[in-house]
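Let's have the full structure, built from the sequences with the hints guiding it.
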Amino acid sequence: MNEYFEQWLDARITVPGMLACGITSVNMLDSGIGAVDATAFCRSSDPGFSTHQMAQVLRLLQDTPFAPETEPSALKWRTWVFGNGKIRATIRPDGLLFAAAVLLNSNADQLLDPLTEEFLTLKTAEQLVPQ
Amino acid sequence: MTNGANHHQVLFVDDDPDFLVTLRDLYQMTNGHDWQIHSATSANQALEILDSQRIDLVVVDVNMPIIDGIQLIGILKRRHPKLKRAVLTGLATPEKRAASLANGADLFIEKATSPEGYNSIFAMLAELLQWAPREGFQGVLRKVGLQDVIQMECLARNSSILEIYNQNVLGRIYIEDGQLVHAVTGEMTGEHALYKLLSLPGGSFELAQFEAPPEKTLNGQWEMLLMEAARVKDENAALGKTEENEFETPVQSKTSARLEGTLVCTRTGETLFDAVSDDSSPHVAWLQSIEQQALQMGEIFPLGGFDRLESELTDGRVLALSRANKLVYVRVSTTLGGK
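These protein sequence lines map, in sequence, to chains A and B.
Heads up, the first sequence is in this note's numbering, so the first residue is 697 and it goes up one at a time.
Heads up, the second sequence is in this note's numbering, so the first residue is 4 and it goes up one at a time.
It is worth saying that the hints were derived from the structure and are not from the lab.
These figures come from a predicted structure and were not determined experimentally.
Warning: the hint list may mix true and false statements.
Derived list of chain A stretches under chain B, where covered just means 3 residues or more per stretch with a C-beta under 8 Å from a C-beta of chain B [as the list claims (entries may be wrong)]:
| no. | segment |
| --- | --- |
| 1 | 766–774 |
| 2 | 777–790 |
Listed below are several chain A residues computed to face chain B (Cβ distance under 7 Å; list not exhaustive) [what the hints assert, rightly or not]:
| no. | residue |
| --- | --- |
| 3 | Gln-749 |
| 4 | Gln-752 |
| 5 | Val-753 |
All C-beta atoms, glycine included, are put in the ideal place defined by N, C-alpha and C.
Shown next as structure tokens:
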């Protein structure tokens, strides 16, 4: 199944303006295994946005609450907007976390919503359990 | 020396008494007696004169002992904010110019080397004496975001008119008691005009004194209008539609939105405005953690300065904005309208 996600990422990293993207499992990171191989599920198209950096961002993302603890509604995704780009992150009920860094106003920026929806509804996805 | 109340009162401050005498003589020889000239050879003496009588303009030398001219300008700005202030120096450098203007000088002039040169200096100072500052302030869109200006005006519950112009567009946004009440550009009014103006890639603006708008075309909460404007701007930018004639505002959206809450706090966690709940601490803590996380992400990925976090919920949206020294939380609920 890991291969499935790798293929999915391989296709998405080619979208113009997609700087880096990656998938990990929150549970896997919790176990500490993520620190070893999280980069395996990261892709990069720009030297300034390496897979190693993407893995760092994924690790960071799981540490912050998606909304204030009093927020009653479920969260679909979050987007950090910076001066030159965005970072989109979403997490599935099964614990899979997807994040992408895109250039502002690029094709990838425009496609962020459908791409995120696609990740959230991938039917064949199962837990990214190592081994 | 005459003592007419109609004369402009001009105070020259320079630690060289001979220069002050020469300056007075040059002025009287070439310009007559329109100004009543006062002299001071130190900052302390200047402050004493200012405390004891009306002065319209102070002209200060930079290099003076104990308190230099740039420091004196700063003191004058605080103590006598309505006083016009000029710096006259023999050693004009870009650094001194920048420091003088930053401290509150209205004019920075280099000393002349001939009597003719002083005629020009007196003419510039006469212009400064005639100059009356307009209410409000001006800015360049690429340097200051219109949204930021509107946000400041609304949070302060001010009334003002934001006049926006670039090569092709002239528009006005009316803010009354901290609410957006009217926007107009060309034939366009209301939300469409607001979104168009807030999507301009560049230009200038001026914050003018408020006067009642010809009509009221905006009635939503300003936070929601700004949020929607940001979304429309992003959409148009993504589609490459930044020129005015290509601009598209959403066609009657089928989604209606309602502002659920707003909170503004300082970076250190002091709540300035809370329209969310009785206890602001969870939201303040969340805003601080978001900013911290954004800073960390900014260190990993070179994406520029953090602007905002948009959290898309199943029934709404939460925004965390980073503005100057403030963090802003905005919660909007959305519902699908009838088809």
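### Query
Looking at the structure, which of the earlier hints fail to hold?
none
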